[in-house]
Amino acid sequence: DALVLDRFAMAAPRVRPPVPATEFHLRSLAEELVPPELEFRLFVENACAGPITPDEVLELPLYAARTDYGFEYVLPSKIRSFMANRNLVPVSYTRKVLQVESHHAQLNLQHQVARRVAADLEVLPGHEIHIDPALLFFILKVRRDHILEDTAAALQRATPEDLRRQLKVIFDGEQGVDEGGLAREFFRLLSARVFTTDCGLFDTTVAQSARVLWFDKASACESTDFWLAGVILGLVVYNNMPGLDVRFPSVVFRKIKGESLGLEDLRQVYPETFLSLRSLLKWKPEDESLSEEEANSLFENTFCLDFVVSYEANGKTLSKELCPDGKDKAVNMHNRAEFAKLYCEWLLTTSVERQFEPFRKGVRRVCDSSLFNALDGAELEMIVCGEQELDFSQMKSHTVYDGYNEEMPYIEGFWKLLLSFDTEQKKRFLSFVTGSDLAPVG
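In terms of this note's numbering, the sequence shown opens at residue 4 and continues consecutively.
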């Protein structure tokens, strides 16, 4: 036993940090060696109940099936889908499978409309019928200078079925058929109006200090306004419009997915509070000879905290008890973990419940499928916002040339210049070319 412990001690300094999740991703999926259409069918047939847990991998039994070559062991049905094995699937591939799912849903809705119209008109098989495009597509006709007002009115009238039809955007008074470009421009213009501190939905103090959008607990906006913002985010996901230029922290996407939150989730939203709570939890008396009672007394005198928090709202300082009789409950070394937990819960959940819950319902009004439910918060964030790291070498390897090739001197010079850019220059280049400084997933 001593020998084993000695060997562990020798190995400890060489232990690496946790392996990044991307190291487990299958490159063959990113290269679409398994077509997304096939994977979508496998997921629907075998794994739509949800992703596989580590326990299920160990407990689900193999079973024998008769084949032309005798009996062979066959995987349990739930394991026959890559999407059920979340740690194997790159986000770029997940987005493509989601795109397939949306396309199938849109076609099914169109077929249902066609059958209803044909039945109402008693059309014989083989005869042509004319169907109003408004029944087949979700048509948004908006004025550029009133894009927010027109969109809000249309979304409030729309049913969940309307929202899941294929989106077509028309700018009033302009010519053009929406083949995807108009929709991208629409979301870019709309997000600049909605996902900003100017709209009154988000906390300006957090935006200035943490540079992210977080819900304003004192917002005067109606629940409908937050619901509309959620519907817009849901439409971005459903209509495959990645790279939305919105500065949400990761915790927003974790909350949409109903994941449990903790102290680390506070870092992006309230970084100073995060550091203060972490220091509170790590505090130890310098004098190690103090008794437990003495150390506890020193802790209380040092921090002078109770289970009450203060915050600013509309120019006033308000207070909130984190638990019953919180003003009479001092924070000490024994209950400091409880204090930190309740403080995080209040900041990230309770204080913004009136704002976040309609926002979440708006997202789910559009996105509500077994495949969407299989995503975790990190994947949803990547699908909505794009990749944060700008890997231009990957962009170079996927570039398709029309009339040029990568060996031409000016093409080589072009890539040499781009690859020498720092992060800020890369963002400016992407913003100039695509309208967003975030890279789409994949």
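Just so you know, not all the hints are guaranteed correct.
BS3-like mimics (lysine-lysine), calculated; alpha carbons at most 30 Å apart, straight line [what the hints assert, rightly or not]: (1) K319 to K330; (2) K330 to K344; (3) K364 to K260; (4) K287 to K344; (5) K220 to K399; (6) K344 to K319; (7) K287 to K220; (8) K319 to K220; (9) K364 to K332; (10) K220 to K344; (11) K429 to K364; (12) K429 to K419; (13) K171 to K330; (14) K332 to K344; (15) K364 to K330; (16) K220 to K419; (17) K171 to K287; (18) K430 to K399; (19) K332 to K287; (20) K419 to K399; (21) K171 to K220; (22) K171 to K430; (23) K285 to K330; (24) K330 to K260; (25) K364 to K285; (26) K260 to K220; (27) K419 to K430; (28) K323 to K344; (29) K399 to K364; (30) K319 to K332.
Think of the hints as simulated: they come from the structure by calculation, not from any bench.
Structure-based check of all given hints:
1. A distance of roughly 19 Å separates the Cα atoms of K319 and K330; the hinted pair therefore holds under the 30 Å criterion.
2. Pair hint K330 plus K344 holds up; C-alpha atoms about 17 Å apart against a cutoff of 30 Å.
3. Straight-line distance between C-alpha atoms of K364 and K260 comes to about 11 Å, which keeps the hinted pair within the 30 Å bound.
4. At most 30 Å may separate the alpha-carbon atoms for a hinted pair to count; K287 and K344 meet this at roughly 19 Å.
5. As the CA atoms of K220 and K399 are separated by approximately 44 Å, the hinted pair breaks the 30 Å bound.
6. Note on K344 and K319: the hinted pairing holds, with a Cα-Cα distance of about 25 Å set against a maximum of 30 Å.
7. Under the criterion of a C-alpha separation no larger than 30 Å, the hint pairing K287 with K220 is inconsistent with the structure, at around 34 Å.
8. In summary, the hint linking K319 to K220 is supported, as the alpha carbons are separated by about 13 Å, within the 30 Å threshold.
9. Proposed proximity of K364 and K332 is contradicted: the alpha carbons are some 36 Å apart, above 30 Å.
10. About 19 Å separates the Cα atoms of K220 and K344, which keeps this hinted pair within 30 Å; it holds.
11. For the proposed pair K429 and K364, the alpha carbon gap of about 36 Å is over 30 Å, so the pair is violated.
12. Distance hint between K429 and K419 is fulfilled; the C-alpha atoms sit about 13 Å from each other, no more than 30 Å.
13. For the given pair, K171 sits about 55 Å from K330 by alpha-carbon distance, which is inconsistent with the 30 Å threshold.
14. Proposed proximity of K332 and K344 is supported: the alpha carbons are some 15 Å apart, at most 30 Å.
15. Between K364 and K330 the alpha-carbon distance is near 35 Å, which puts this suggested pair outside the 30 Å criterion.
16. In summary, the hint linking K220 to K419 is not supported, as the alpha carbons are separated by about 48 Å, beyond the 30 Å threshold.
17. The straight-line distance between the Cα atoms of K171 and K287 is roughly 61 Å, outside the 30 Å bound, and the hint therefore fails.
18. For the given pair, K430 sits about 16 Å from K399 by alpha-carbon distance, which is consistent with the 30 Å threshold.
19. Simply put, K332 and K287 have alpha-carbon atoms about 21 Å apart, close enough for the 30 Å limit, and the pair holds.
20. Restraint check for K419 and K399: the C-alpha separation of about 11 Å stays at or below 30 Å, so the hint holds.
21. Taking the CA atoms of K171 and K220, the gap is near 35 Å; set against the 30 Å cutoff, the hint is violated.
22. Annotation: proposed proximity of K171 to K430 holds, straight-line Cα distance about 29 Å (limit 30 Å).
23. Annotation: proposed proximity of K285 to K330 holds, straight-line Cα distance about 23 Å (limit 30 Å).
24. Restraint check: the Cα-Cα separation between K330 and K260 comes to about 34 Å, which exceeds 30 Å; the hinted pair is violated.
25. The straight-line distance between the Cα atoms of K364 and K285 is roughly 38 Å, outside the 30 Å bound, and the hint therefore fails.
26. This hinted pair checks out: K260 and K220 have alpha carbons roughly 21 Å apart, not beyond 30 Å.
27. About 17 Å separates the Cα atoms of K419 and K430, which keeps this hinted pair within 30 Å; it holds.
28. For the suggested pair K323 and K344, the alpha carbons sit about 15 Å apart, so the restraint of at most 30 Å is met.
29. Straight-line distance between C-alpha atoms of K399 and K364 comes to about 40 Å, which puts the hinted pair past the 30 Å bound.
30. Between K319 and K332, the direct Cα distance comes to roughly 24 Å. Compliance with the 30 Å bound is thereby established for this hinted pair.
Hints 5, 7, 9, 11, 13, 15, 16, 17, 21, 24, 25, 29, counting from the list given before, are not met by this structure.
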